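Starting from the structure of chain A, add chain B where the hints point.
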Amino acid sequence: MSLRQEMIKKEHPQPDDTRPLITGSMKGDRSSQYALYKKYSKAMYNICYRIVNDQEEARDVLQETFISAFQHMGAFRGESSFGAWLKKIAVNQAINHLRKRKMLYESVDDIEYSDEENSPDEENLALNVERVREAIQQLPDGFRTVFSLYLLEGYDHSEIARIMSISESTSKTQYIRAKNKLKTILKERIS
Amino acid sequence: MDKLEKFIRENREEFDNKLPGDKSWDDIVNRMNRQKAKTIPITQWMWKAASIVLLAAVIGLLIERYVHDRNSVNAVPVNPRLTELKQVESYYSTLISEKREEIQAYLKKDPDFRKSFNHDINQLDSMYSQLKTELSKSYSEKIVDAMIVNLQLRIKILNEQLNILQSIQKAKKDEKSKV
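Line by line, the protein sequences give chains A and B. Numbered per numbering that gives the first Met the number 0, the first sequence spans residues 0 to 190. Numbered per numbering that gives the first Met the number 0, the second sequence spans residues 0 to 178.
Because the hints were derived from the structure by calculation, they are not lab data. Remember, it's a predicted structure, so these values are computed and weren't measured experimentally. Take the hints with a grain of salt, since some may be wrong.
[Said to hold, decoys possible] No more than 30 angstroms apart at the CA atoms, straight line, and that leaves these computed lysine-lysine pairs for BS3-like:
#	chain 1	residue 1	chain 2	residue 2
1	B	K98	B	K108
2	B	K98	A	K37
3	A	K41	B	K17
4	B	K35	A	K26
5	B	K35	B	K108
So that you can see chain A by itself, here it is in the shape it has in the complex (with noise of 0.2 angstroms):
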């Protein structure tokens, strides 16, 4: 088993306490709702931000989140963990954001690739965890989804293919572009 297995399935327990909230919630009660969204919620909220990159966004593509699972509870079949299935719903409501608002905004900010083909040497890059949060969350929309999709949330590049519509390989090659621009962001804060 690789290391990128097992990272998934300990972000993933089986969860057999969650089964009776599961059920109370499908049947509308409140107190099993308010369990899971307990549970669940800072993870959720945390992937919403990082992908939307705005707390009052992230806040409500949070809410959309919860409520349409909270709607849909039947869909949930149990082939995959209930967070798991709740992080994809996460995932396209916060995707959906990001494209309501290119389309308003049309910002045009993941076209530029120049740089960011060569990979910058790692040697002198000192890291600590708020740092590469922050850099994060300075990279275009589609580097910044792209990347926390494939490092943060552990999908593969099929799934972030199939999620954003994108092609397979697109989803590697701007992975590694993300990932040589993560490292420019945190030299230069270094210098």
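Chain B only, in chain A's frame:
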């Protein structure tokens, strides 16, 4: 996996540092309640509309079927004599009712005469309806002929009556002017 990827994966938990805030759950509940309140009347309204549409469709189909049935009943006897009779009948009946009205205007002044006249005409009327019921039971050329003769006869009688009445009227007028 390079240094950056490794670092991020090892510190994955720390990347989820943001909190949605307490208000979010209340907003979710409010939005769900609002949606519920909105959807209930809409669905009720839709059910109502749907049942009205269904009812209208059923009535429409029933009417169509009824009309269709009637048409097909009428269409069964394709005998040209019967269609001819129908045309003749409608032609004469309008003529007859016209003449009758004209005569009635004269007869208002003469109740005795009206009695005998009505008697004759009514007899022909009842004869005609008898013929008609017989014809509906079994078709016969003779009955059709008799019916047409009946109609013609009534017209003839009415015309003669009218002539008589007109001449009487004229005679009365002449008498008056003489005096």
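Checklist line | Restraint status (C-alpha distance of A:K41 to B:K17 at most 30 angstroms) | finding: holds (7 angstroms)
Check: Has the given pair, B:K35 with B:K108, been kept, meaning a C-alpha gap of at most 30 angstroms?
Finding: Violated, at about 81 angstroms.
Checklist line | Distance restraint between B:K98 and B:K108, which requires alpha-carbon spacing of 30 angstroms or less | finding: holds (17 angstroms)
Check: Quick one, are B:K98 and A:K37 close enough, alpha carbons at most 30 angstroms?
Finding: violated (96 angstroms)
Check: For the pair supplied as a hint, B:K35 and A:K26, is the alpha-carbon distance within the 30 angstroms limit?
Finding: holds (14 angstroms)
Taken one by one, the earlier hints fail for this structure at numbers 2 and 5, listed in ascending order.
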